[in-house]
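There are 4 protein chains.
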Amino acid sequence: MSAPEPARLRLIASCPDRTGIVARVATFLADRGASITDAAQYNDPRSAMFFMRSEFLVEGGSGVREKLEAEFKSLAESLKLDWRLVDAERRQRVVLLVSKFDHCLAYLLHRRKVGDLEFDVPCVISNHDDLRSLVEWYGIPYHHVPVPKDAAGKQAALEKTADLIGAAEPDTIVLARYMQIFPPWLCERYRHRVINIHHSFLPSFIGGKPYHQAEERGVKLIGATCHYVTEELDAGPIIEQDVTRIRHSDSIKDMMRLGKDVENAVLSRGLRYHLEDRVIVQGNKTILFS
Amino acid sequence: MSAPEPARLRLIASCPDRTGIVARVATFLADRGASITDAAQYNDPRSAMFFMRSEFLVEGGSGVREKLEAEFKSLAESLKLDWRLVDAERRQRVVLLVSKFDHCLAYLLHRRKVGDLEFDVPCVISNHDDLRSLVEWYGIPYHHVPVPKDAAGKQAALEKTADLIGAAEPDTIVLARYMQIFPPWLCERYRHRVINIHHSFLPSFIGGKPYHQAEERGVKLIGATCHYVTEELDAGPIIEQDVTRIRHSDSIKDMMRLGKDVENAVLSRGLRYHLEDRVIVQGNKTILFS
Amino acid sequence: MSAPEPARLRLIASCPDRTGIVARVATFLADRGASITDAAQYNDPRSAMFFMRSEFLVEGGSGVREKLEAEFKSLAESLKLDWRLVDAERRQRVVLLVSKFDHCLAYLLHRRKVGDLEFDVPCVISNHDDLRSLVEWYGIPYHHVPVPKDAAGKQAALEKTADLIGAAEPDTIVLARYMQIFPPWLCERYRHRVINIHHSFLPSFIGGKPYHQAEERGVKLIGATCHYVTEELDAGPIIEQDVTRIRHSDSIKDMMRLGKDVENAVLSRGLRYHLEDRVIVQGNKTILFS
Amino acid sequence: MSAPEPARLRLIASCPDRTGIVARVATFLADRGASITDAAQYNDPRSAMFFMRSEFLVEGGSGVREKLEAEFKSLAESLKLDWRLVDAERRQRVVLLVSKFDHCLAYLLHRRKVGDLEFDVPCVISNHDDLRSLVEWYGIPYHHVPVPKDAAGKQAALEKTADLIGAAEPDTIVLARYMQIFPPWLCERYRHRVINIHHSFLPSFIGGKPYHQAEERGVKLIGATCHYVTEELDAGPIIEQDVTRIRHSDSIKDMMRLGKDVENAVLSRGLRYHLEDRVIVQGNKTILFS
Numbered sequence: 001m002s003a004p005e006p007a008r009l010r011l012i013a014s015c016p017d018r019t020g021i022v023a024r025v026a027t028f029l030a031d032r033g034a035s036i037t038d039a040a041q042y043n044d045p046r047s048a049m050f051f052m053r054s055e056f057l058v059e060g061g062s063g064v065r066e067k068l069e070a071e072f073k074s075l076a077e078s079l080k081l082d083w084r085l086v087d088a089e090r091r092q093r094v095v096l097l098v099s100k101f102d103h104c105l106a107y108l109l110h111r112r113k114v115g116d117l118e119f120d121v122p123c124v125i126s127n128h129d130d131l132r133s134l135v136e137w138y139g140i141p142y143h144h145v146p147v148p149k150d151a152a153g154k155q156a157a158l159e160k161t162a163d164l165i166g167a168a169e170p171d172t173i174v175l176a177r178y179m180q181i182f183p184p185w186l187c188e189r190y191r192h193r194v195i196n197i198h199h200s201f202l203p204s205f206i207g208g209k210p211y212h213q214a215e216e217r218g219v220k221l222i223g224a225t226c227h228y229v230t231e232e233l234d235a236g237p238i239i240e241q242d243v244t245r246i247r248h249s250d251s252i253k254d255m256m257r258l259g260k261d262v263e264n265a266v267l268s269r270g271l272r273y274h275l276e277d278r279v280i281v282q283g284n285k286t287i288l289f290s
Numbered sequence: 001m002s003a004p005e006p007a008r009l010r011l012i013a014s015c016p017d018r019t020g021i022v023a024r025v026a027t028f029l030a031d032r033g034a035s036i037t038d039a040a041q042y043n044d045p046r047s048a049m050f051f052m053r054s055e056f057l058v059e060g061g062s063g064v065r066e067k068l069e070a071e072f073k074s075l076a077e078s079l080k081l082d083w084r085l086v087d088a089e090r091r092q093r094v095v096l097l098v099s100k101f102d103h104c105l106a107y108l109l110h111r112r113k114v115g116d117l118e119f120d121v122p123c124v125i126s127n128h129d130d131l132r133s134l135v136e137w138y139g140i141p142y143h144h145v146p147v148p149k150d151a152a153g154k155q156a157a158l159e160k161t162a163d164l165i166g167a168a169e170p171d172t173i174v175l176a177r178y179m180q181i182f183p184p185w186l187c188e189r190y191r192h193r194v195i196n197i198h199h200s201f202l203p204s205f206i207g208g209k210p211y212h213q214a215e216e217r218g219v220k221l222i223g224a225t226c227h228y229v230t231e232e233l234d235a236g237p238i239i240e241q242d243v244t245r246i247r248h249s250d251s252i253k254d255m256m257r258l259g260k261d262v263e264n265a266v267l268s269r270g271l272r273y274h275l276e277d278r279v280i281v282q283g284n285k286t287i288l289f290s
Numbered sequence: 001m002s003a004p005e006p007a008r009l010r011l012i013a014s015c016p017d018r019t020g021i022v023a024r025v026a027t028f029l030a031d032r033g034a035s036i037t038d039a040a041q042y043n044d045p046r047s048a049m050f051f052m053r054s055e056f057l058v059e060g061g062s063g064v065r066e067k068l069e070a071e072f073k074s075l076a077e078s079l080k081l082d083w084r085l086v087d088a089e090r091r092q093r094v095v096l097l098v099s100k101f102d103h104c105l106a107y108l109l110h111r112r113k114v115g116d117l118e119f120d121v122p123c124v125i126s127n128h129d130d131l132r133s134l135v136e137w138y139g140i141p142y143h144h145v146p147v148p149k150d151a152a153g154k155q156a157a158l159e160k161t162a163d164l165i166g167a168a169e170p171d172t173i174v175l176a177r178y179m180q181i182f183p184p185w186l187c188e189r190y191r192h193r194v195i196n197i198h199h200s201f202l203p204s205f206i207g208g209k210p211y212h213q214a215e216e217r218g219v220k221l222i223g224a225t226c227h228y229v230t231e232e233l234d235a236g237p238i239i240e241q242d243v244t245r246i247r248h249s250d251s252i253k254d255m256m257r258l259g260k261d262v263e264n265a266v267l268s269r270g271l272r273y274h275l276e277d278r279v280i281v282q283g284n285k286t287i288l289f290s
Numbered sequence: 001m002s003a004p005e006p007a008r009l010r011l012i013a014s015c016p017d018r019t020g021i022v023a024r025v026a027t028f029l030a031d032r033g034a035s036i037t038d039a040a041q042y043n044d045p046r047s048a049m050f051f052m053r054s055e056f057l058v059e060g061g062s063g064v065r066e067k068l069e070a071e072f073k074s075l076a077e078s079l080k081l082d083w084r085l086v087d088a089e090r091r092q093r094v095v096l097l098v099s100k101f102d103h104c105l106a107y108l109l110h111r112r113k114v115g116d117l118e119f120d121v122p123c124v125i126s127n128h129d130d131l132r133s134l135v136e137w138y139g140i141p142y143h144h145v146p147v148p149k150d151a152a153g154k155q156a157a158l159e160k161t162a163d164l165i166g167a168a169e170p171d172t173i174v175l176a177r178y179m180q181i182f183p184p185w186l187c188e189r190y191r192h193r194v195i196n197i198h199h200s201f202l203p204s205f206i207g208g209k210p211y212h213q214a215e216e217r218g219v220k221l222i223g224a225t226c227h228y229v230t231e232e233l234d235a236g237p238i239i240e241q242d243v244t245r246i247r248h249s250d251s252i253k254d255m256m257r258l259g260k261d262v263e264n265a266v267l268s269r270g271l272r273y274h275l276e277d278r279v280i281v282q283g284n285k286t287i288l289f290s
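The listed protein sequences correspond, in order, to chains A, B, C and D. Note that my numbering has the first sequence beginning at 1, numbered continuously upward. Note that my numbering has the second sequence beginning at 1, numbered continuously upward. Note that my numbering has the third sequence beginning at 1, numbered continuously upward. Note that my numbering has the fourth sequence beginning at 1, numbered continuously upward.
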């Protein structure tokens, strides 16, 4: 009978800086036979906070993560760690919210299907019914929650959306071009777990129709920004950004077409960093162990 | 006795769109033996304006530009052209304004010296005396015009600066990190001939200390923008932009260092486009025949 | 009864350089009421050849292209022009050849479906049957032509492939990751109309398994190249190239994943340039009016 | 009397992978009061080698590095570490070798002068006398060692160059566009300490006149590569690479001009990584803790 494969785990932690954090954590891991495969530590001089991410292999069968988690608690407490220990091979549950634009959704679902991005999608929720056939082609449930214009109707729609999200028990929520405001109370419920793709190089062109704003201003590059959603519109911690060059002859329609590739690239890179636990939020910024 | 080299001229023109502009202009040129080496035309559907740039070789000795200019007038009038005919080999006179940061100045002067950028510098003007030795090493006159804090002193300094600029008879003025507001009446006097380098990806981080603003917001790319100066701060027509990636560990000092290369690249590309008459301002945007 | 929309045509031409080409061509167009919307001319000093591309609107109903084509012949002859006059709104017929990798195919078919790229696909031909369902989902005929290892079988497969291509009457053939040598006699038959995407920054890593070659060499960027196919492997005129950064921790599988986005971007940009008649082959290089 | 500033040290190490390396090294450091500010570890699955870089602050006054070095030896031996412990604030001695092109030299000397790159330059050695005044303006000794064409003369010149290098006691040697073959015996003497900038995207265009080769092939991007010099020409471990876009109208002279900025960027980034001990050579590749 052959031994089981070792588990691949990740420890993500931050704490006020002090001497000996790495030594104590690494000793804890070594004492349990963990073999570190990829790790990084960073001491932020501005906040005097220490950040670390360690990926490691460890024997011990299926309950090893829970066992280590229980054993780590007292050390974590003495170091005042904000931490989590995750199974690197467990696929996160990601709920996708969309409106009518299909490119980010199509890109994520395709890349997931061919194994380039690894996560599960319990459901897709949309305020329109347009993308149902695409989603159902992938065998994923699609919930259409129309959002009326009136305040009461809007509130009811939000609550229904929240219920559907809750029932899906997501690790992460991705607003893959969801053209609705995500309410503060939902941001709070899934703090640093709601990811948005905004089709501009933030903080330029906050809010609606950023390509129109870009065309109006006459910029020479357009961009996209992947960020955690917070109560303030388009102002949350940035995970990833990129840009692409445009020409004077490019119309808004051209910008939308060129922008799709940047949006897809930025969202998929940002989501990958998040799924691989490479992002730690510090204030309104992110530490990115890429 | 050998024939003189043909002159290399450029015709830059714009007008309300109509049929036959290229035909009539190209026929005018062909009738005078001009050989087109590089040209482009563009009809902007938003403004219904037509833009063209033609570079051509023509025989005729030293006065040929003036001769063609005189002959072209009636055609230009009938086409309602906004135009200019320039000698491509004539070096523009470029006055440089700087404060204390030396990287843009050093880059431009070095690149000019080795022949990578071709222009003359009648003088450099600064509100500080710091960069005198660098400038004088290149044999260029340096004018130190301190700018006091009080309104009257400031006004007097501006007028002295304007006088020095005027005496230099510049074609173009470059604010190569000049940390003073360029007054509207000077913008107007040298309309679309004053070029600024701003150390952010505009319209993000307008005004002072853009790297500090970038650090505060937690962006993942920093940028630079080369634009024509207008009365509104950092809001003039954009000529060129670019960005570079930063990491969470980069301090403001690191951003400044990384930003220098982007600023130099963007300013030198933008200035080159301008010196080669590749930029036509249309409203608050630029047509760029690059 | 309303007037018909004007036709949008493109004239692409090259010839040994001489004075008056633009004048005579533009006059020809103006005499027929053509309104130039976007045009460029370039005189290559190395080959002493003149290149031009003009896009214009012209009235005259459905037969106007053929009428202008007939009328242009004598002028073209006197200028020794190599030229074509195309209807900018006519969709090209593009035959796609693929093997097993689906990303370029999926990207092109998706972008075509949503209107970002405009062309018709009479059929897809593959030496494997793997991508049939994807292609047929788009309602496009799929031909599976297995390519045996033996010379006679290979030759028969090539001839069958050539017959299928011929029957499809393509304007353009795209090798969208077709892992077979395209024979010289087919290159010759569709000269400068067969486009390949190679997954390296050519001329680095010619031939098979370029990501393995890249990993072996330890490069810090991987790339992709879109080029016209000629008899010499991976050596034809380059249309477009780009690169993306990799890290020491990226495996060949990671490179393949990262490379997909570069391949898609480069192929779709290159194909767009080709479909918009922006590429003129000169020797083993391309003039690109982008 | 105030306490001295803590020393900033760096430990760079690699060894065959095993459990507990980080724990034992970090414990060693913590036991001596070291505070880690930036660190990374990587286990290369291809070579089964473990790599680490730790930057830390430690009290103990001026001899602390030597003291730690002595104390670390037995641990290092038991872990079979290939390691070094360096003072992060000690400026490396960098000998620069150049020929006639001045841009890399000018860039490095300028960036060093303004504090953007920190190293000392005991001398510059050249096979030409052209750049003497530039170098001496910075107060740096300049050695002109002409390299004759004949084998005996060449050998004598190499030996004189080697003597000058030896007398300068360099940590690192930079071939900042040195157009001479660096002999294998000198490579061996300064193994992984000789850095070259090659003006192409290697492995494309190895050897002489890469811009001419690029022009001949018709590539759409040109590049530069910074690598450690080994006995095989342009084949050593790559530290950094980048590219820039060119157009069909760019002549070789234009490529040289555009290439300068890429060469400067790539060399200065590569040199910075090296000076900050971020590069570990593994076979013919580099691990880059950037």
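Wrong hints could be hidden among the right ones.
[As the list claims (entries may be wrong)] Below, a sample of chain A positions facing chain C; criterion: calculated Cβ distance under 7 Å:
hint, residue
1, E118
2, G139
3, D254
4, R257
[What the hints assert, rightly or not] For lysine-lysine, the following DSBU-like pairs were computed, each having C-alpha atoms within a straight-line distance of at most 30 Å:
hint, chain 1, residue 1, chain 2, residue 2
5, A, K73, A, K285
6, D, K67, D, K100
7, B, K253, D, K73
8, B, K113, D, K113
9, A, K73, A, K149
10, D, K285, D, K209
11, A, K285, A, K149
12, D, K100, D, K80
13, C, K100, C, K154
14, A, K154, A, K209
15, B, K113, A, K209
16, D, K100, B, K113
17, B, K100, B, K154
18, A, K113, C, K285
19, A, K209, B, K209
20, D, K285, B, K113
21, D, K209, C, K285
22, B, K253, B, K100
23, C, K154, A, K113
24, A, K113, C, K67
25, C, K113, A, K209
26, C, K209, D, K285
27, A, K73, C, K253
The set of hints was computed from the structure by calculation and includes no laboratory data. Ideal Cβ placement from N, Cα and C applies to all residues, glycine included.
Cross-check of the supplied hints:
1. Taking 7 Å as the C-beta cut-off, the interface hint given for E118 of chain A is violated, the closest approach to chain C being about 11 Å.
2. For G139 of chain A, the suggested interface contact is broken, since its CB lies about 14 Å from the closest CB of chain C, more than 7 Å.
3. Proximity of D254 of chain A to chain C is violated relative to the hint, the smallest CB-CB distance being about 10 Å (cut-off 7 Å).
4. At about 5 Å, the closest approach between the beta carbon of R257 of chain A and any beta carbon in chain C falls short of 7 Å, and the interface hint on this residue holds.
5. Distance check on the hinted pair: K73 of chain A and K285 of chain A sit about 27 Å apart at the alpha-carbon level, within 30 Å; holds.
6. Between K67 of chain D and K100 of chain D the alpha-carbon distance is near 45 Å, which puts this suggested pair outside the 30 Å criterion.
7. For the suggested pair K253 of chain B and K73 of chain D, the alpha carbons sit about 36 Å apart, so the restraint of at most 30 Å is broken.
8. A C-alpha spacing of about 20 Å is found between K113 of chain B and K113 of chain D, which places the hinted pair at or below 30 Å, so the restraint holds.
9. Only pairs whose Cα atoms come within 30 Å are accepted, and K73 of chain A paired with K149 of chain A is rejected, the gap being roughly 48 Å.
10. Simply put, K285 of chain D and K209 of chain D have alpha-carbon atoms about 25 Å apart, close enough for the 30 Å limit, and the pair holds.
11. A C-alpha spacing of about 34 Å is found between K285 of chain A and K149 of chain A, which places the hinted pair above 30 Å, so the restraint is violated.
12. At most 30 Å may separate the alpha-carbon atoms for a hinted pair to count; K100 of chain D and K80 of chain D exceed this at roughly 45 Å.
13. At roughly 18 Å between alpha-carbon atoms, K100 of chain C and K154 of chain C fall within 30 Å of each other, so this suggested pair holds.
14. The straight-line distance between the Cα atoms of K154 of chain A and K209 of chain A is roughly 21 Å, inside the 30 Å bound, and the hint therefore holds.
15. The straight-line distance between the Cα atoms of K113 of chain B and K209 of chain A is roughly 46 Å, outside the 30 Å bound, and the hint therefore fails.
16. For the proposed pair K100 of chain D and K113 of chain B, the alpha carbon gap of about 15 Å is at most 30 Å, so the pair holds.
17. For the hint linking K100 of chain B to K154 of chain B, the alpha-carbon distance of about 18 Å falls within 30 Å, and the restraint holds.
18. Taking the CA atoms of K113 of chain A and K285 of chain C, the gap is about 39 Å. The hint is violated against a cut of 30 Å.
19. This hinted pair checks out: K209 of chain A and K209 of chain B have alpha carbons roughly 28 Å apart, not beyond 30 Å.
20. Taking the CA atoms of K285 of chain D and K113 of chain B, the gap is about 39 Å. The hint is violated against a cut of 30 Å.
21. Proximity of K209 of chain D to K285 of chain C is assessed by CA-CA distance (about 19 Å); at most 30 Å being required, the pair is judged to hold.
22. A hinted pair counts as satisfied when its Cα atoms are at most 30 Å apart, and K253 of chain B with K100 of chain B qualifies at roughly 16 Å.
23. A distance of roughly 33 Å separates the Cα atoms of K154 of chain C and K113 of chain A; the hinted pair therefore is violated under the 30 Å criterion.
24. This hinted pair does not check out: K113 of chain A and K67 of chain C have alpha carbons roughly 51 Å apart, beyond 30 Å.
25. Proximity of K113 of chain C to K209 of chain A is assessed by CA-CA distance (about 24 Å); at most 30 Å being required, the pair is judged to hold.
26. At most 30 Å may separate the alpha-carbon atoms for a hinted pair to count; K209 of chain C and K285 of chain D meet this at roughly 19 Å.
27. Distance restraint check for K73 of chain A and K253 of chain C: the Cα-Cα separation of roughly 36 Å exceeds the 30 Å cut-off, and the hinted pair is therefore not satisfied.
Checked against the numbered hints given earlier, the structure breaks hints 1, 2, 3, 6, 7, 9, 11, 12, 15, 18, 20, 23, 24 and 27 and satisfies all the rest.
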